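Colleague: So the protein lines, in turn, are chains A and B. Take the first sequence: its letters are residues 1 to 401, numbered as in the UniProt record's numbering. Take the second sequence: its letters are residues 1 to 401, numbered as in the UniProt record's numbering.
Please note that the accuracy of each hint is not assured.
Same chains, same names: a pair is fine if it fits in one copy or spans any two.
[Unchecked claim] Below are the PhoX-like pairs computed for lysine-lysine, each with C-alpha atoms no more than 25 Å apart in a straight line: (1) 22 to 145; (2) 211 to 24; (3) 29 to 318; (4) 298 to 54; (5) 211 to 22; (6) 386 to 338.
Hints in this document: simulated from the structure, not taken from any laboratory. This one's a predicted model, so the numbers in the text were calculated from it and none came from an experiment.
Number of protein chains: 2
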Amino acid sequence: MINVAVLGYGTVGSGVVEVIGKNKEEISKKAGEELGIKYILDLREFPGDPYEDKVVHDVDVILTDPDVSIICETMGGIEPAYTFSKRALMSGKSVCTSNKELVASHGPELIRLAKENNCNYLFEASVGGGIPIIRPMNYSLTAEKIDAITGILNGTTNYILSKMAAEGADFEDVLKEAQEKGYAERNPEADVEGYDACRKIAILSSLMTGKNVRYEDIYTEGITKITATDFVYAKAMGRSIKLLALSRENGGDFYAMVAPFMIPVSHPLYSVNDVFNAVFVHGNMLGDSMYYGRGAGKLPTASAVVSDVVDCARHAGKTIMCFWDTENVKLTDVAQVKHKFFVRTKAELEKKALEVFGSVGVIEADVAGEFAFVTDEMTEKEFAGKAEELGCVLNRIRIES
Amino acid sequence: MINVAVLGYGTVGSGVVEVIGKNKEEISKKAGEELGIKYILDLREFPGDPYEDKVVHDVDVILTDPDVSIICETMGGIEPAYTFSKRALMSGKSVCTSNKELVASHGPELIRLAKENNCNYLFEASVGGGIPIIRPMNYSLTAEKIDAITGILNGTTNYILSKMAAEGADFEDVLKEAQEKGYAERNPEADVEGYDACRKIAILSSLMTGKNVRYEDIYTEGITKITATDFVYAKAMGRSIKLLALSRENGGDFYAMVAPFMIPVSHPLYSVNDVFNAVFVHGNMLGDSMYYGRGAGKLPTASAVVSDVVDCARHAGKTIMCFWDTENVKLTDVAQVKHKFFVRTKAELEKKALEVFGSVGVIEADVAGEFAFVTDEMTEKEFAGKAEELGCVLNRIRIES
Numbered sequence: 001m002i003n004v005a006v007l008g009y010g011t012v013g014s015g016v017v018e019v020i021g022k023n024k025e026e027i028s029k030k031a032g033e034e035l036g037i038k039y040i041l042d043l044r045e046f047p048g049d050p051y052e053d054k055v056v057h058d059v060d061v062i063l064t065d066p067d068v069s070i071i072c073e074t075m076g077g078i079e080p081a082y083t084f085s086k087r088a089l090m091s092g093k094s095v096c097t098s099n100k101e102l103v104a105s106h107g108p109e110l111i112r113l114a115k116e117n118n119c120n121y122l123f124e125a126s127v128g129g130g131i132p133i134i135r136p137m138n139y140s141l142t143a144e145k146i147d148a149i150t151g152i153l154n155g156t157t158n159y160i161l162s163k164m165a166a167e168g169a170d171f172e173d174v175l176k177e178a179q180e181k182g183y184a185e186r187n188p189e190a191d192v193e194g195y196d197a198c199r200k201i202a203i204l205s206s207l208m209t210g211k212n213v214r215y216e217d218i219y220t221e222g223i224t225k226i227t228a229t230d231f232v233y234a235k236a237m238g239r240s241i242k243l244l245a246l247s248r249e250n251g252g253d254f255y256a257m258v259a260p261f262m263i264p265v266s267h268p269l270y271s272v273n274d275v276f277n278a279v280f281v282h283g284n285m286l287g288d289s290m291y292y293g294r295g296a297g298k299l300p301t302a303s304a305v306v307s308d309v310v311d312c313a314r315h316a317g318k319t320i321m322c323f324w325d326t327e328n329v330k331l332t333d334v335a336q337v338k339h340k341f342f343v344r345t346k347a348e349l350e351k352k353a354l355e356v357f358g359s360v361g362v363i364e365a366d367v368a369g370e371f372a373f374v375t376d377e378m379t380e381k382e383f384a385g386k387a388e389e390l391g392c393v394l395n396r397i398r399i400e401s
Numbered sequence: 001m002i003n004v005a006v007l008g009y010g011t012v013g014s015g016v017v018e019v020i021g022k023n024k025e026e027i028s029k030k031a032g033e034e035l036g037i038k039y040i041l042d043l044r045e046f047p048g049d050p051y052e053d054k055v056v057h058d059v060d061v062i063l064t065d066p067d068v069s070i071i072c073e074t075m076g077g078i079e080p081a082y083t084f085s086k087r088a089l090m091s092g093k094s095v096c097t098s099n100k101e102l103v104a105s106h107g108p109e110l111i112r113l114a115k116e117n118n119c120n121y122l123f124e125a126s127v128g129g130g131i132p133i134i135r136p137m138n139y140s141l142t143a144e145k146i147d148a149i150t151g152i153l154n155g156t157t158n159y160i161l162s163k164m165a166a167e168g169a170d171f172e173d174v175l176k177e178a179q180e181k182g183y184a185e186r187n188p189e190a191d192v193e194g195y196d197a198c199r200k201i202a203i204l205s206s207l208m209t210g211k212n213v214r215y216e217d218i219y220t221e222g223i224t225k226i227t228a229t230d231f232v233y234a235k236a237m238g239r240s241i242k243l244l245a246l247s248r249e250n251g252g253d254f255y256a257m258v259a260p261f262m263i264p265v266s267h268p269l270y271s272v273n274d275v276f277n278a279v280f281v282h283g284n285m286l287g288d289s290m291y292y293g294r295g296a297g298k299l300p301t302a303s304a305v306v307s308d309v310v311d312c313a314r315h316a317g318k319t320i321m322c323f324w325d326t327e328n329v330k331l332t333d334v335a336q337v338k339h340k341f342f343v344r345t346k347a348e349l350e351k352k353a354l355e356v357f358g359s360v361g362v363i364e365a366d367v368a369g370e371f372a373f374v375t376d377e378m379t380e381k382e383f384a385g386k387a388e389e390l391g392c393v394l395n396r397i398r399i400e401s
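So that you can see chain A by itself, here it is in the shape it has in the complex (with noise of 0.2 Å):
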């Protein structure tokens, strides 16, 4: 018998019951041994739920029973869960946790201290929710040079971009709405200024180059700016808007970013709608490679946390390798990145706007007084340079081949 211990009885702790519960049998095959929720840490009772008498308060109860040997975190922030998992490793525990905030925060240490203890920190659920992308990176791509990773990494940013898309409505009017279904918290910022996305694309991205891509780093734009005309625009090139989490390695630079990007019909990320996920990985001898699923909600995140318990008893006493040193990645100047961008702006600066940008390709589209056009590719500073000097950009996107 595995006893196991859940930290935090929210949504994706009571999921991780649920999980445990419903597939009991498949979950005990595959683990090499029964499985059973042995304590469940929250502050509240839940008084006539059927794990009722599992619930404590004091994790000291948790951390101190031998026969407990994985635990489950999914409490979220970095206090106390940072805390309980320190003291978890340092017994011995296994950690799997669906906490991105404390991975991309203290990810290289917990690893390392899971090694020493002979034990493991895992977290396959902090990114892409129930997609199998962590395990991925760490077991399967094992023979590729990863030189780039695209992800849509936020459900609740997808849906209402998804929403904006189809119904060509605007972001306040959809944010409203999905607040109301559940989509989006009430305070959505996490979530619509790409917080949530930085966090997931810098584990990834760390998981890519072995070493530490700390997230404050990592340039960050949400999705706030996007309005109904955008699409206007976008509709007529072709093209969606998604907020995308990269990572690209070229020659030794290497560079993170969140940002709403215009992509073509032709990129797989391109039907990635709703609450959906996906991480586009290029490899140098896959090539491309593509993992799409739900990005988040109770069960499918659960399940994730729950495949990393099945490991943890595959593996006791045993470390599973994961390469993510404490060294810092030094990020290329977000100001020498690269890319075309699409720019809107006053109707009567047209041939100001030619004067400065050159050659541009120009978009027909139906909105009145204003002119809109595509770049060349430049820098991000040599962009800056020619909006400020162009003296009106309404908005600009940037654009992803």
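Using the hints provided, position chain B relative to the given structure of chain A.
Modeller: Chain B in isolation, oriented as in the chain A frame:
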């Protein structure tokens, strides 16, 4: 130093040597020890090849060398690959293969043999080329009851169908072009008749059930009867025609099938074009997930073989869990499987068709002298009876919703 031998220096075998050569540093890091090619088995000589001195003609040199711990079997076909693989495993050498025929025919026996000898028989490259799908099935989706797999598993047929869709061309013309480009074999039967996809879905179905799904039991229909006219209708219906390989489990019933299907634009497999492959997996907790990439080709396939080599190196002396018993799965009689059918008949049979098939959805398209419609859901047997009663079916294609 981990010494690897490659059996068969053809496309995939030479790719394995190339991948290990080009990404040696990464691969050795991931494997935990330096990897090197010690032998290449082939009947031919390769004068001037950088690995010329590694080439041997006698498999016994490899099988009796205690320094060789991992063997890549990239010969294809049943014999002598089967005998060589058995002998390798019996001497405790792990085998990594791209040989779908052998895996589909003798997988469970070779997996058991590996287990008995504390080594591994791994076959990531046997399905979906470079797409990580075997490992996600075995390692990642361990908390799931998988109830449906739907795959585009053959690059040649997907290339042909994509071309037919894009250009309105006929099967024979596109096949000829594909043969000229090297995308189709001179004898294309294994691809265009669906036999290749059948082997692959047999492997995935076996991993899905944990038992043995015999490829001989799987109903298999190729794409040779698909015409340019079918694509005229498909376009009018907002659908595409894809060769799907599928497995479905429903309340103890299980069936697998390979056949052309019409799929809607909203289906994630709709935009999988050209030589790309994709596998769509549905789990009871996770919902939909998809794995997409290059389904064939020298380097993608070789990359998958080498990822298995890395896995063997990481698990030296230990057998990685794989559930694929020798017990055969009893498949539901295909006559009892239900689908909707797209049907083309002669214009003069319109009245009779409506009498025989009852409630149908009539398809309007610019095709002279024909009447086309989509039936309600019915069993294959019912459909066959009604088609006989109608007397003339120009073509019929199953519908995937």
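Colleague: Compare the structure with each hint and give your call.
Modeller: Verification of the supplied hints:
{"no.": "1", "hint": "22 to 145", "in the structure": "between (39 Å within a copy, 10 Å between copies)"}
{"no.": "2", "hint": "211 to 24", "in the structure": "between (37 Å within a copy, 19 Å between copies)"}
{"no.": "3", "hint": "29 to 318", "in the structure": "both (20 Å within a copy, 18 Å between copies)"}
{"no.": "4", "hint": "298 to 54", "in the structure": "within (20 Å within a copy, 53 Å between copies)"}
{"no.": "5", "hint": "211 to 22", "in the structure": "between (38 Å within a copy, 21 Å between copies)"}
{"no.": "6", "hint": "386 to 338", "in the structure": "within (14 Å within a copy, 62 Å between copies)"}
Violation of the numbered hints given earlier is absent; every hint is satisfied by the structure.
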